[in-house]
Amino acid sequence: MQDTIFHRIQRGEIPAQLVYEDAHLFAFRDIAPQAPVHVLFVPKRDYATLNDVPEEDAVVVGRLATAAARYAKAQGFAEDGYRIVMNCNGDGGQTVFQIHLHLLAGAPLGRFGTPG
Numbered sequence: 804m805q806d807t808i809f810h811r812i813q814r815g816e817i818p819a820q821l822v823y824e825d826a827h828l829f830a831f832r833d834i835a836p837q838a839p840v841h842v843l844f845v846p847k848r849d850y851a852t853l854n855d856v857p858e859e860d861a862v863v864v865g866r867l868a869t870a871a872a873r874y875a876k877a878q879g880f881a882e883d884g885y886r887i888v889m890n891c892n893g894d895g896g897q898t899v900f901q902i903h904l905h906l907l908a909g910a911p912l913g914r915f916g917t918p919g
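Numbering (my numbering), first residue to last: 804 to 919.
Derived by calculation from the structure, the hints in this document are not laboratory data. One or more hints might be untrue.
As the list claims (entries may be wrong) - The following label-pair restraints were derived from C-beta to C-beta distances:
#, residue 1, residue 2, range
1, C891, R914, 13 to 23 Å
2, E859, P911, 34 to 44 Å
3, G865, N892, 17 to 27 Å
4, E859, G879, 34 to 44 Å
5, V899, A826, 20 to 30 Å
From a predicted model like this one, the values you see are computed outputs, not experimental measurements. Cβ coordinates follow ideal geometry from the N, Cα and C atoms, glycine included.
Starting from the given sequences, assemble the full structure and let the hints guide the process.
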């Protein structure tokens with residue numbers, strides 16, 4: 804597993820706007836937001852891609868999703884709607900090789916999945 808920018812954020816070596824943390828994961832605002840609200844949820848356990856998460860550790864992905872949902876509710880935009888996204892490998896748009904979940908909200912997000 805390579806040392807990523809997310810590891811450096813977790814260790815406090817790179818500043819980030821942390822919005823959530825618990826024993827299993829942490830979340831911070833994206834520095835290049837793709838929506839008015841763009842928060843990254845990152846597990847504290849290391850997995851480079853979603854392909855690397857073994858079935859017996861599937862709870863890691865569930866924790867990311869439920870933490871994002873709790874955050875959306877707490878911030879008051881859950882009822883309006885939000886999107887969660889996980890990218891996997893280069894063609895899937897992954898640029899940091901530590902799994903993470905994007906929470907996007909704050910405006911109508913439109914259609915999703917059309918190649919650019």
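Hint-by-hint comparison with the structure:
1. Checked against the hint of 13 to 23 Å, the pair C891 and R914 passes, with Cβ atoms roughly 20 Å apart.
2. For the pair E859 and P911, the supplied restraint of 34 to 44 Å holds, since their beta-carbon distance comes to about 38 Å.
3. In this structure the supplied range 17 to 27 Å holds for G865 paired with N892, their Cβ-Cβ distance being about 21 Å.
4. For E859 and G879, the Cβ-Cβ distance of about 36 Å falls inside the hinted range of 34 to 44 Å, so the restraint holds.
5. Checked against the hint of 20 to 30 Å, the C-beta distance between V899 and A826 comes to roughly 22 Å, which is consistent with it.
The structure is consistent with each of the numbered hints, conforming to all of them.
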